Every structure is written in C-alpha cells, then in structure tokens.
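There are 2 protein chains.
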Amino acid sequence: MEKPYVLGIDVGRTNTVFGVVDARGNLIMSSSIKTGAHNDLDDYIKDLVAGIEPLLEQVGGKDKIRGIGVGAPNGNYYTGSIEFAPNLPWKKTQIPFAQILKDALGIPTALTNDANAAAIGEMTYGAARGMKDFIVITLGTGVGSGIVVNGTLVYGHDGFAGELGHMIVRRNGRMCGCGRQGCLETYTSATGVARTAREYLDIRSDKSMLRDIQPELITSKDVYDAAINGDGLAQEIFETTGAILGEAFADFVTFSSPEAIILFGGLTKAGDLLMNPIRHHMDKNILNIYRGKTKLLFSQLKESDAAVLGASALGWEAK
Amino acid sequence: MEKPYVLGIDVGRTNTVFGVVDARGNLIMSSSIKTGAHNDLDDYIKDLVAGIEPLLEQVGGKDKIRGIGVGAPNGNYYTGSIEFAPNLPWKKTQIPFAQILKDALGIPTALTNDANAAAIGEMTYGAARGMKDFIVITLGTGVGSGIVVNGTLVYGHDGFAGELGHMIVRRNGRMCGCGRQGCLETYTSATGVARTAREYLDIRSDKSMLRDIQPELITSKDVYDAAINGDGLAQEIFETTGAILGEAFADFVTFSSPEAIILFGGLTKAGDLLMNPIRHHMDKNILNIYRGKTKLLFSQLKESDAAVLGASALGWEAK
Chain Z
143 MEKPYVLGID
153 VGRTNTVFGV
163 VDARGNLIMS
173 SSIKTGAHND
183 LDDYIKDLVA
193 GIEPLLEQVG
203 GKDKIRGIGV
213 GAPNGNYYTG
223 SIEFAPNLPW
233 KKTQIPFAQI
243 LKDALGIPTA
253 LTNDANAAAI
263 GEMTYGAARG
273 MKDFIVITLG
283 TGVGSGIVVN
293 GTLVYGHDGF
303 AGELGHMIVR
313 RNGRMCGCGR
323 QGCLETYTSA
333 TGVARTAREY
343 LDIRSDKSML
353 RDIQPELITS
363 KDVYDAAING
373 DGLAQEIFET
383 TGAILGEAFA
393 DFVTFSSPEA
403 IILFGGLTKA
413 GDLLMNPIRH
423 HMDKNILNIY
433 RGKTKLLFSQ
443 LKESDAAVLG
453 ASALGWEAK
Chain C
143 MEKPYVLGID
153 VGRTNTVFGV
163 VDARGNLIMS
173 SSIKTGAHND
183 LDDYIKDLVA
193 GIEPLLEQVG
203 GKDKIRGIGV
213 GAPNGNYYTG
223 SIEFAPNLPW
233 KKTQIPFAQI
243 LKDALGIPTA
253 LTNDANAAAI
263 GEMTYGAARG
273 MKDFIVITLG
283 TGVGSGIVVN
293 GTLVYGHDGF
303 AGELGHMIVR
313 RNGRMCGCGR
323 QGCLETYTSA
333 TGVARTAREY
343 LDIRSDKSML
353 RDIQPELITS
363 KDVYDAAING
373 DGLAQEIFET
383 TGAILGEAFA
393 DFVTFSSPEA
403 IILFGGLTKA
413 GDLLMNPIRH
423 HMDKNILNIY
433 RGKTKLLFSQ
443 LKESDAAVLG
453 ASALGWEAK
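Line by line, the protein sequences give chains Z and C. Residue numbers for the first sequence follow the numbering used here, so the first one is 143 and each next one is one higher. Residue numbers for the second sequence follow the numbering used here, so the first one is 143 and each next one is one higher.
Okay, chain Z solo, but in the shape it has when bound (with noise of 0.2 angstroms):
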C-alpha cells in the first residue's frame, strides 16, 4: 500500500494527543501536548505541528499519511471547525482547525466532534466492524454519542446530528451545563453517577463507605470501588444509573433500530455493574418489535488510545 497509515488526533481540553496508525488499527506511535498551556492558538498549532514532525519522519515521510483525523470537542464535520467549544482555551466560535492543519503538513484533514470518532474508530477497527447500523454512547465526564445508518455517520443538516447526551429523561429534572433541565448526561455520565451518589447520602440515612469520602471529592470511581466492595448504596446507585441508560436507550432504538448499541469511555469500566441493568431496563421499556434485536456491546478499542483511534479512522476517507 502506497499510503499505509493515518494520522488520529484528539484534541482534548486538557492534553491533545496523536499518533500514526495502520490500516487494521495498530497505533504505531504516539505522543502528545498540553492543549491547557496554550492560551494562543497559533502558539498551540505551531507545537503540535512540531510535535507531530518527528512521527511523520519515522515512518518514512509525510507521503506515508492516507489522512489526518481529528476529533475535537464541538468538531463539525461540514465545515472541518471546532465551533462554539466552550472549554477549550481559545475564545473563538469558529476555528478552522482541518483547513489549518491541511494548511501546516499538507495532508488531507477531517474534523468531527469525540463522540462521532469512536463510532467511526468501531467501524474501522472495533465492535462494530460489518455493522451498518449502530450507535455508540460515550461515558466520560459528559455523554456523547454517534449515530450510524446504513454505514453512515449522521451529521443532520449542520453537521451537530448525534447529541443524544442532551436527550431530556427527566422533565424539569437535574440542572445540566447546557442550561436545559434532566438531560440524559446529568445522570449517567461519570459526573452524573457522583452526583446520584452525593443525593443519595444527602437524603438517605443508611450506611456506605462512601460516607468515609468528603461529598464533593466523591467520583465515579469511588462509588465503583465501593460497589464492587458489596457496598449495598453503590449498587443502587449503578442500578439507577442503568436504569436511565437502559430506558434511553429503548427509546433510542424506536429511532434508528441498530444492530447494536455500544459503550465507550471512561464509566464503561464498571462493566457488569452497569450493563446488567442497562440490559434489563432497556428490554423492560422496549416496543414489541425490537425486543431481543439491539446487541449491547462494550467498545474495543483499546482504552488508553480509544480517542486517537477513533480520530484516526476519519483520516481513510479525508479530502
């Protein structure tokens, strides 16, 4: 093959990582940036090209590189900007981050937004190869997602189709960043499951180990641990955060009917703890004619280069 390798780039508000990858997923090398330490945009373009360099060298030039993929929290794939990102450094509303790159290594560039990579990166290389239709929810700090029909990511008509994070589950419900009220992410991300916890203890009296931890430092990770620990609290709290997810995720499916349903991200690390109920309260709340059909998949991509995969497998159909 002429071109063997992709260039994935996730750009994440705190670090930007990237790296050179091949046709059947391998990351043939990585390394990253502060995205943090730059509050200058041209200063941050100027060091990831220098840090994106030296890869291109080591694997004979930029004449190896298929593509570049990028993705970037608010990526829209239409216009190839990050538009409207609020908790990047760079006070812009439109950065037009695949032309510049173009601009700086000469190589083809595609942008979209986290959630849609990963669902790009399972269709090149992970649970969702041969899939034409199937979603992925991401499970981090927000709930994001990317939508695929008949092979295809749906972007909509702007570009920003695929925010089932922000799909309303509880009307007049928790507050979210987004200014709206009960939206999926304010339960079931990684925030939303500390946050349940923090209720739970505020307004119940029985015991948990997770009274030991000062309410506001309490993460998802500690209400795992606890869970795990036969902490009966913890439990409960994963059981009504598959529950939301699980009554989603019916509703979902009344949409796009996928093949599958897949999980990605940080929360997913609670496996059993949270797809047991996902499962039950999913084929409880779901119509008739799709009961049994939707497979529900854990990601498989790799965890510590997920987002750089995911990035990456945008850069095969770059332009």
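Because the hints were derived from the structure by calculation, they are not lab data. In this text, all values refer to a predicted model and were calculated from it rather than measured experimentally. One thing to keep in mind: the hints can contain errors.
Copies of the same chain look alike in the list, so a pair counts if it works inside one copy or between any two.
What the hints assert, rightly or not - List time: in silico PhoX-like cross-link candidates among lysine-lysine, alpha-carbon distance up to 25 angstroms: (1) Lys274 x Lys461; (2) Lys435 x Lys234; (3) Lys233 x Lys435; (4) Lys363 x Lys233.
With chain Z fixed as given, assemble chain C onto it according to the hints.
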C-alpha cells in the same frame, strides 16, 4: 419517458386505495376496494388485482408503469412483507405482499409502512423536495414517523426503524395499545386529543361546548370545532398537545438534526392551533446549538391523495 408512471397502493384497515401517479406527483386516476370486507387474503388479492388492471389498461398497459409502491401498516421494506399487523383482517404473522403483487402483475414492487411512504412522498413530490435530512410525523389515529438521513430513509437493521409515536414522553403515563405507558401517540394522535378532552372534562369544572357531547363520542374534530369557536378548554387541549409534540421534537432534533420536521395526517387540519404551541415548546426545549435551525412544515401532498402519492413514490425505486 418510456415508463412514465408508478402505481401507489395504500393499504388501510378500512379501505385499500390505489392510483396511477406521474413523475410530478399528479394522481392520474384512482380507485379503491374495501380491505375490511375480505377475511380471506387470496380473495382480497384477487379483488385488488381486478381493481388495478382497468387502471393499467387506461394508461396504456403495464409497460407504462415503472414500479409499484405499497404503504401498509407494519410494512417491512427489507422483506417486502406486512408483519404482525394487528388491525388487518388476515391472521398471518407475515404476508409477503410485495412478492404476491409482483407475481400477480409482473411489475417491480416495493413496500414500506405508511409513515415511511409519506416521507418518500414528501421527498419526491412535496415539502421535502431537495432536502437530505428531515422527519415526517404522521398525526392520525396513531402517530407514525418516517426519518430521512443523507437522502435515504432510515430503516434500521431490521426494517422497523422510525416508530417515534412510541417514544415514551411521560414515564408511567397513559396506557398505549402497544402494552406500554406514556407513548407519544397516546397524547398527540387524533385519539390522544379526544382522550385529553375526556380527561379535562372529567377533572375540571369550567364551561365548555364539549360538555354537550357524550364523552365517549368526542373526536379531535369536535375539539377543533370548539377551539375555533373560542372554547377555552378546547384551546387548552391543543396547547397541551402541541407542548408535548414540541418537547418531543426538541429531542428528535438531538438525534438527526433535520432541516425540517413535516407534519402529515388528519390532525394537521388544526393548523396554527397546533403549530403555534409546537413551535413555542420546541424552541423553549431545544439545545442551544439547534435553536431556530429546523423548519416546522405541513405536508404539501394533497390531503385526499396523500397516502397513495406517498406509497407511489416508492415505486420509482422498486426492483
């Protein structure tokens, strides 16, 4: 054009309506038979074919027909079958309707459910011409949906995608014919509107013209007539119905970010009485990045012909 026409067939529980349609969406001629009068499927097919043949002769024979499109309850595009349709007279779990017609008439035939047919009709001849991403919502006895993404109908992995009438909008809400509670259609179908009327009349004591009608006989048409005659309670019923639809539409947008949501079916006769609250509540509940972007439109297919036109549009791509 050698084959300038298609044949559309709308299989309803009472009547089966069929007609010949040209490429501009003009219904050239049409006819119908009684669905309900045929308990035997073979008799029904015989009468249907006997009804269709004179139409074919009048347009110059079957060689003038590019294809047949069928809209039917629980129609599955992939299999060409009507599956588990509870309201049709034939007690079969799977009727290979497209194949039966193809064999009987020798014309390529495709089949889908009625709401999907409506979506293809809007895309081919109606309000969605030129659009690649939109959703059609049918508001009739039930609530159905046809979702188009990237210019293609969303069928899902099993052919049953797009049952948005069964999205759960109120947990533990109204009982639905599907056996679950709180589905969108229990509130926002024509029957849902009548149900709301009975509920309001029962729990409230304010005056209303609707009190002159026996509660179990109230229809959405009665509620409409009362509302346009200034009846406050009837107007509130449309306000509530529109609010639930608007909230649901805001959630639908997070999925596929459509250019438009198009309303189709009997209840749309309510016009602004329904559209104004939908618009208000959709706007109020929508995620910021989508606000003001998705058009709300009424179907542009002529009401009386709409179902046949929708079905016929599928005939252009029948194989």
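Evaluation of the provided hints:
no.	hint	in the structure
1	Lys274 x Lys461	both (22 angstroms within a copy, 21 angstroms between copies)
2	Lys435 x Lys234	between (44 angstroms within a copy, 21 angstroms between copies)
3	Lys233 x Lys435	between (45 angstroms within a copy, 24 angstroms between copies)
4	Lys363 x Lys233	neither (32 angstroms within a copy, 53 angstroms between copies)
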